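Visitor: Chains as they are written, first to last, in the working numbering: chain A, 1 to 293; chain B, 1 to 277.
None of these hints come from the bench; they were simulated from the model. A quick note: this is a predicted structure, and the numbers were derived from the prediction, not measured. Where hints are given, some of them may not hold.
[To be verified] List time: in silico DSBU-like cross-link candidates among lysine-lysine, alpha-carbon distance up to 35 Å:
(1) B:K98 <-> A:K6
(2) B:K128 <-> B:K100
(3) A:K223 <-> B:K128
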Amino acid sequence: MAFHHKIEPWAYLLVPVLLLMAFFFVPMGMAFYISMLDYSHAIFSPSFVGLQNYVRLFHNPHFWQVLWNTVLFTITIVPVMIVIPILVSLVVNNQLRGIRLFRALIYLPVVVSLVVAGIVWKWLYAPEGLINYLLSFLGIPKIGWLVSPDIALYAVSLMVIWKGVGYYMMMYLANLQSVSQDLYEAAEVDGASLFQKHWHITIPHLRPTMALVGIISTIGALKLFTEIYVMTHGGPIGSTETFVYYIYDQAFSNLNLGIACAAGFVLMVIIFGLSLLNIRLFYLKAEKEALNA
Amino acid sequence: MLKRMSTYGLLVLLVVISVGPFLWLLSTALKSASENIFQYPPQFLPRHPTLQNFGAVWHAVPMGMYFLNSIIVTGLAVILNLIFSVLAAYPLARFEFKGKNTIFMLVLATMMIPFQVIMIPLYLMVLKLNLVDTAGPLPAYIGLVIPFVVGGFGIFFVRQAMVNIPRQLEESAVIDGCNSFQVLSRVIVPLIVPTLATLAVFTFMANWGEFLWPSIVLSKPQMYTLPVGLVHLQGTFSSNWRLIASGTILAMLPVIAFFVILQRYFISGTLSGAVKG
């Protein structure tokens, strides 16, 4: 049974669809138009410059620096985000007493806000902070985690990883619980080692989830902002300035709305392919399964 | 036995890594003025634990207002998201009409638009409509929440749950004389409560922690939400880590309380957004 009316569905759809139009598609069009305006001479009467802002962007070494920083963040964070949570999920994939409590505690960093997590880590990274103290036992001298241009990017990445591990752990765990135990038992009979069992059974089983984790964590890394704002403000000397931080800075500090919107579109093009892959792989698949069910 | 012991050992190590940083901040918040919080080597436990830093931060910045603002904005986002998602999902799940596929594709397409691209026009719109804090608290709340009251993800997620409900249940309701709205409110919504709870938690999490948008639109400290307030606190009292630590711990408490009570929905709620990107 399905309702066949011409008007009724629109009565339900009207308000939500108007809101989607007003707050997604209209601003999208506006953003593209703004990206063709030059605000640098007169903030209240920008001049139309066509695609000039995009040309300027790609001739700007500062923008390339920001792109490079974002790439560095991504290649630092994503591989770790794919691998470490698998190991953690293997540790928590059992029925030991209290395991649910352990899982919840490991999940804790996921539920707190980014601002809270940023502040927590800023305190850990203080020159006289806990991390430097713990490292002193290994004979490592004090490190200026957030003040050294060579280190800050990796220090922020570590915090991002710390906050994300629990999340991806849960995704892998849901997946792990569907591996047939018979496979492991058969492998044990054949004398497989722990490593061999996981390499030949667990990893192939987790591959689709690994792809998903790779896509999501890449999109996340490309959009880093709050972590940066709280911990480093893009510094020291621009070493942690990310794509979104640049957009924010251009728009709201320099009032260069045209350049900011142009950079936004470049970001969207970069993310577009990933989102499309994401939607094709997972939404449309879920859709098909639902229809076949 | 040995295997179990080593698993517990690893579990404890993981918990120390994930929870330890919070405990270190808590320890700092509990240290009294007589203790040097920058002392090296650090003092793990406060020598004379005190709660007075929490009172101090409450008076140093309008913490109460931050909480109130965050609760109002997040509450509005959750309620409106549930309503609009259910309304939009229903025809997409249960009606046949011209343009259905187009609308569905538009809904999916909104998920591919990064907020960072549209935030500048959104800001100009909100300014134009005077939905900013200089116009008063109510316009400010509307401006804070309006980009987040409906989203493709929520609509998709609810529609998915509706599609999975067997249609026989609705047929008997129609035979009993229910119109389509009564079918929605009396038959379908009660059946998808777990999905709605999951969506509610997801929306709560996304909005409670939101920093970028409120930091753009807010100018009055009285209207700050918790994340903006915490960043402000950290900027203003940059050397007073007792205050920063206490404020941060206070801000965490509601989320932790929710997490303890609604753990199951928290995990499904955060994971449901996995494919949102």
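Visitor: With reference to the structure, classify each hint as holding or not holding.
Guide: Results of checking the hints against the structure:
no. : hint              : verdict
1   : B:K98 <-> A:K6    : 8 Å, holds
2   : B:K128 <-> B:K100 : 33 Å, holds
3   : A:K223 <-> B:K128 : 27 Å, holds
In this structure, every one of the numbered hints holds.
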